[in-house]
Each structure stands twice: as structure tokens, then as C-alpha cells.
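J.: Here's the letter readout for the chains.
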Amino acid sequence: AQSVTQLGSHVSVSEGALVLLRCNYSSSVPPYLFWYVQYPNQGLQLLLKYTTGATLVKGINGFEAEFKKSETSFHLTKPSAHMSDAAEYFCAVIHGSGNTGKLIFGQGTTLQVKP
Amino acid sequence: DTAVSQTPKYLVTQMGNDKSIKCEQNLGHDTMYWYKQDSKKFLKIMFSYNNKELIINETVPNRFSPKSPDKAHLNLHINSLELGDSAVYFCASSQIYNEQFFGPGTRLTVL
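Chains as they are written, first to last, in this note's numbering: chain H, 1 to 115; chain D, 1 to 111.
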């Protein structure tokens, strides 16, 4: 069964510093992987996704993630944090086959950006 | 031009009441979902419908009953509300294996 682990429930960085949010997955089949962001009192917004092809995936707001099969990881990075990046971030993997494409989410990581 | 909308945004009610949350998507997607986000922000799928057919039904109390009148709508009815039902409920839609688009959520508070 697929599962997702996000290392670090809370990450704090200074404005302008590198952002690194860690995600490891387990999957018995090639995974479809996603990063979502949730701003306070809002729904989830897709940052980026990996399905097939290039393992370095670029998303919105300057974020990117690299799929590393050997490490079963899909870490999210951004070279320079902005105050507006403060939010909750969720890594997710698609579970199932056929038409049962449900998302399995990690526990979430709260990103704090300090001025 | 809202993609996935939910009503109401906030719902405060007493234990034992019955309530419904409505969801509509205008993206032309075939599949819709209900997720529950608990107080620790953990997200878990509850139900999924594909073309009005129930395809995912997680271990959810049978007090929760989804209804899909057409593929653009997926409503959630909850009977005999309990304190533990307090959470944020998200509706989402997608084409299978593509990204899911989420609604703004409904914050349910059971007193």
C-alpha cells in the first residue's frame, strides 16, 4: 500500500533562505506524486506534480521538486523564501489502479518564514 | 469562474442534528471526492464518485452519506452529528490520475 512521510512537521527559515521540505513515499508501482499548499483558511492548491518523464519538476511560485526513485523521495525546494510562502505544505501520492485514484497525503509541514 | 465551490463555508450545529454540505464543480471532471481534515490538519479521503457512481468508500460511519445527482455535484449528508465530526471538509474533483482541484472547505463545528 502506498504511504507518504513528511519529515519535519514544522520548518522555519529566514526570508531569502533556501526552503527544503522533505517527502518520502512507499509505492509498489511507479508513483504519481504531488505537492499541495494550503494557506490559512483556504483549500489546497497544487504546486507541482510528477507523473512520468523528467524527474525535476518545476511548479508555481518558484518551487521545484525532484523525483528520486532510488531514494523514494520527492523533496520540495525553493532557492529563496518569501514571506508569502508561509503556509502548510502537503506531499501526496496517488493510490490505486483503474478508476480508484485517491490521494494519500503526508502529515503536512508548516513552513514559517521569518523576516 | 469558481472551479470547485462548497456551501456553506462555516457550519455550527448541535450534537444529534442532521446537516448537509453541497459541492459543485464547473471543470467538466468525471470524478469528485470528499476529504476530511482533522484538527491536526491531517487529510483523509472519505468518498469518491466517478460519473455519479460510488468508487471509493473508506471506513466512514454510515451516518455519512454522499449523494451525486449529476457528475458536477457531490453532496455530503451527515446524520446524528457527533462532537468528533468537527473538522474541515473538502470537496475535490479531477480526471482520474490527474491533479485534484479542491474547494475552499467547510468548517463544521459540532457543539
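Rather than coming from a laboratory, the hints here were simulated on the basis of the structure. Wrong hints could be hidden among the right ones.
Unchecked claim - On the chain H side, residues computed to face chain D include the following (Cβ under 8 Å):
1. 46
2. 90
3. 103
4. 108
All values derive from a computational prediction rather than experimental measurement. Ideal Cβ positions, reconstructed from N, Cα and C, are used throughout, including at glycine.
J.: With reference to the structure, classify each hint as holding or not holding.
T.: Consistency of the hints with the structure:
1. 46: With a minimum Cβ separation of about 5 Å from chain D (threshold 8 Å), the hint on residue 46 of chain H holds.
2. 90: 7 Å, holds
3. 103: At 6 Å from the nearest chain D Cβ, residue 103 of chain H passes the 8 Å test, so the hint holds.
4. 108: 5 Å, holds
Of the numbered hints given earlier, the model fails none.
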